[in-house]
Structure formats: C-alpha cells, structure tokens
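Peer 1: With these hints in hand, go ahead and build the complete structure from the sequences.
The sequence shown: position 232 = 346 (our numbering), numbered continuously.
Think of the hints as simulated: they come from the structure by calculation, not from any bench. Small disclaimer: the values here were computed from a predicted structure and weren't measured. One or more hints might be untrue.
Stated by the list, open to error - Mimicking DSSO-like on lysine-lysine, the simulated pairs with C-alpha atoms at most 30 Å apart in a straight line are:
hint, residue 1, residue 2
1, Lys379, Lys360
2, Lys388, Lys373
3, Lys475, Lys362
4, Lys373, Lys422
5, Lys420, Lys331
6, Lys248, Lys175
7, Lys151, Lys373
8, Lys362, Lys422
9, Lys364, Lys448
10, Lys411, Lys422
11, Lys411, Lys331
12, Lys379, Lys248
13, Lys364, Lys462
14, Lys462, Lys375
15, Lys331, Lys349
16, Lys375, Lys330
As the list claims (entries may be wrong) - Simulated restraints on C-beta separations:
hint, residue 1, residue 2, range
17, Asn345, Gly218, 34 to 42 Å
18, Gly130, Val390, 27 to 35 Å
19, Gly150, Lys369, 46 to 54 Å
20, Asn345, Ser171, 40 to 48 Å
Backbone N, C-alpha and C fix where the C-beta goes; we use that ideal spot for every residue, glycine too.
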Amino acid sequence: LEASFTREIQRVEHSGIIFRSVSCGDAHTVAVTDGGKVYSWGAGIDFGLGHGDQGDSFTPKLIGMLEADSIVYASAGGCHSAAVSAHGSLYTWGRGFIGQLGSGQKKMSIGATKKTDQPSAPEETEYFQAIPTKVNFGGDVKGSDKALKVECGNCHTVLLTGLAGDEPDPQPLIPPVIQQPQEAQKLPKKKKSQGDENSRVPERPMAKLAANEKQKKQFLTLVVEVISGRNLIAKDQRGTSDPYCKVKVKEGRGKQKEKTKAISKTRDPAWNEKFVFKSCCNRIAVEGDPRMMEPGKAPELNWDLKLKISCYDSDMMGADENLGVLFVPLAGLKVNKQRDIWVPLSPKIEGQPVAGDIRLKMLLTDEL
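Peer 2: Put into structure tokens, the structure is as follows:
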C-alpha cells in the first residue's frame, strides 16, 4: 500500500479559483467556489466524487452535473455526498445502502455497478447514484419546504429546511484586508489649536444613530391569502366535500378570527380570499430582542406564535366535519417578504384520516 501523508499545512493551488467552503469525508473532499460550482477529489469508491465513475482524483475536479445550478453548500460523508442550491434544491450522490441518499431506493441502480472482482450476487441490494441527483423531500416547486443546509455523516444525512423565500443567497466573499507596514501607517502628529478643540463635535454612539435613522415598529401586521386546496379528503357519498377554512393567529395579540366561504362539491377548492391581522404580534417574538442578542448565539424567539388554519366540510344538515389543521410558525420569518407556500394538513385528533394541502400567501409587515 502506497499512501501520501503530510505533517504540514499545504496550500492547494487551482487556477485562481476562490473556494467559499470545504467539507471532508472519510476519504474524499468536496468544496464550493464563490461562483457556486462544486469540486471534489480523493477516493472515488462507490461514486462518492460525483463524476460518474469510481476513479480517484488527486486534484480538485469540477462536478459537471451541478454546473446548471448555483450551489451554496456541499458536504462529504462516508461514501456519499450532498449539495444544496441557491434555489433550495437538494442533490445527493454516492453509496446509499441504508437510505442516506434520500431517494427511497434500496436496490442496485441502472448504470452504476459496484467495483468488485467477482460478479454481484443475486441478493445484492445496495444502491448507488453515480452522479448528483435531485432529491424530492416533500412538495413541488411551490412547496413549503426549501433546502437550506445539509450535512453528511458516515451513514446518514441531515437536512435543514425553511419556508419558500428563505433560501440562502450566495454572497461574494470579502477579500482579505492587507495590513500595511507600521512605518507606512505612522503619520506626523498635527498640533491641536484652541479653535480645533472648541469646534469639535462630540461623537454619537452607533446604536443611537441607527435607531434615529429608522425607528422600527414594535408590532407587525400579518396579511394572509388563502388561495386554494388540493386533494382534500372526501366527506360525502359523491366523493367530494364542501370545504372552507377558519383562520386565526395562535398566541397573537387580539382574538381576531376569520373564515373563508365554502366551496361546494370539490376536493380542490379555490378560495382566493385575503385577511389582514393588524398589529397581531410583537416584533421581538419574531426577530428576537436586540438588547439580549449575543454574537454567535441564536436569538430567543416565540415559537408558540403561529398562524392556524382549520379546514372543515360544510354540512347543511348537521355539524361541520373537520378535514384537518395546519400551523405555520411566524417566529423567524423575514419581515416585508411575501411567501407563496403549500402546507399539508395534519390530523386535529390522533387517528383522524386527513389528506391534501392548502396554498397560502403570507406577508408579515411593518408597513401597514
């Protein structure tokens, strides 16, 4: 066995490309450039490099299949890797023998054969992805979940998601500040005159200056548009329902409640109704208290503050039946940025059969 080791930190030169992040796996490495490209190098066993083969690479090599999307984060695991794009898409590749690729596949994939001296046995059940493949993790293009960050372990993967509109935007790297020699920084001291002392304006603290430039409103208004539903559960004999929604802000200020009209004989209703909850929540509950924030520490938010929507089937002859409920946390949402999301319904009580999603447009604003 011939292996190369180094006891010193070495600089890897690669055509002047600036790398924004790097992740090391068991035997391979992936890195993301400032331009959103992904390079990999190291052991190519089990297709962990994403180049379509199992060849090793001793220098950073561009993963061509990811060039069409701008990548903001990538992670290397045991024999697999993953990447997240600026649009919130997730890609995985490599070995997926216990589901770490997230594809749901368990058997050997077509076009990817494990490198071995002997033919694969009939009971072979391992799965490989030779090139980066997009993973569906719940929802379509307008789904409520977008990938924000991914981390690969030895045999598992962890994905952080957020609401549509919270996708990470690639930011250009700030060039390093080059310190000038001390001799060049020294300037001849200027003698202070009496007039200079008298005309000097006292400096204002930066915190007070920022507060005076823009006074943020303490309370925020939530604008909710209940657009439509899809694939709701049927409650009548004709295989449809007469769905409507009740809308409220849970743990918010005031007790405002709203309700959409009922749409007859459908499982895919279109409501298109807008509701405004004026000054329904405190900015501190959504963004955190700036007086209590510490560098490197996440702000304390009120995660009980949520938009609650209950869906019902209207029944003219009896009590309305619940079709499901959904909650959308308001804490952590970006102010003055609208979201267009699909949110799945959940059971109101344990064991309740539910189905379908509700499309919402949400805007948390301080401008109303």
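Peer 1: Quick one, are lysine 151 and lysine 373 close enough, alpha carbons at most 30 Å?
Peer 2: It is violated: about 47 Å lies between the C-alpha atoms, which goes past 30 Å.
Peer 1: Given the hinted pair lysine 362 and lysine 422, is their Cα-Cα distance within 30 Å?
Peer 2: Since the Cα atoms of lysine 362 and lysine 422 sit roughly 5 Å apart, the hinted pair holds (cutoff 30 Å).
Peer 1: Regarding the pair lysine 373 and lysine 422, is the alpha-carbon distance no greater than 30 Å?
Peer 2: holds, 12 Å
Peer 1: Quick one, are lysine 420 and lysine 331 close enough, alpha carbons at most 30 Å?
Peer 2: With Cα atoms ~20 Å apart, lysine 420 and lysine 331 stay inside 30 Å; holds.
Peer 1: For the pair we were handed, lysine 462 and lysine 375, check the Cα-Cα distance against 30 Å.
Peer 2: Measuring from Cα to Cα gives roughly 21 Å; hence the hint holds.
Peer 1: Regarding the pair lysine 364 and lysine 462, is the alpha-carbon distance no greater than 30 Å?
Peer 2: holds, 15 Å
Peer 1: Are the Cα atoms of lysine 379 and lysine 248 separated by 30 Å or less?
Peer 2: violated, 37 Å
Peer 1: Would you check the hint for lysine 364 and lysine 448, treating anything up to 30 Å between C-alpha atoms as holding?
Peer 2: Roughly 19 Å between the alpha carbons, so the hint for lysine 364 and lysine 448 holds.
Peer 1: Can the restraint linking lysine 331 and lysine 349 be considered satisfied, given a maximum Cα separation of 30 Å?
Peer 2: At roughly 45 Å apart (the allowed maximum being 30 Å), lysine 349 and lysine 331 break the hint.
Peer 1: Do the alpha carbons of lysine 248 and lysine 175 lie within 30 Å of each other, as the hint requires?
Peer 2: Distance ~20 Å between lysine 248 and lysine 175 Cα, so the pair holds.
Peer 1: Just to be sure I understand the hint, the distance between the Cβ atoms of glycine 150 and lysine 369 should be within 46 to 54 Å; is that true here?
Peer 2: With Cβ atoms ~47 Å apart, the hint holds.
Peer 1: Within 40 to 48 Å: is that where the Cβ-Cβ distance between asparagine 345 and serine 171 falls?
Peer 2: Taking Cβ atoms as reference, asparagine 345 and serine 171 lie about 46 Å apart, which means the hint holds.
In this structure, the hints that do not hold are numbers 7, 12, 15, 16, 17, 18, in rising order.
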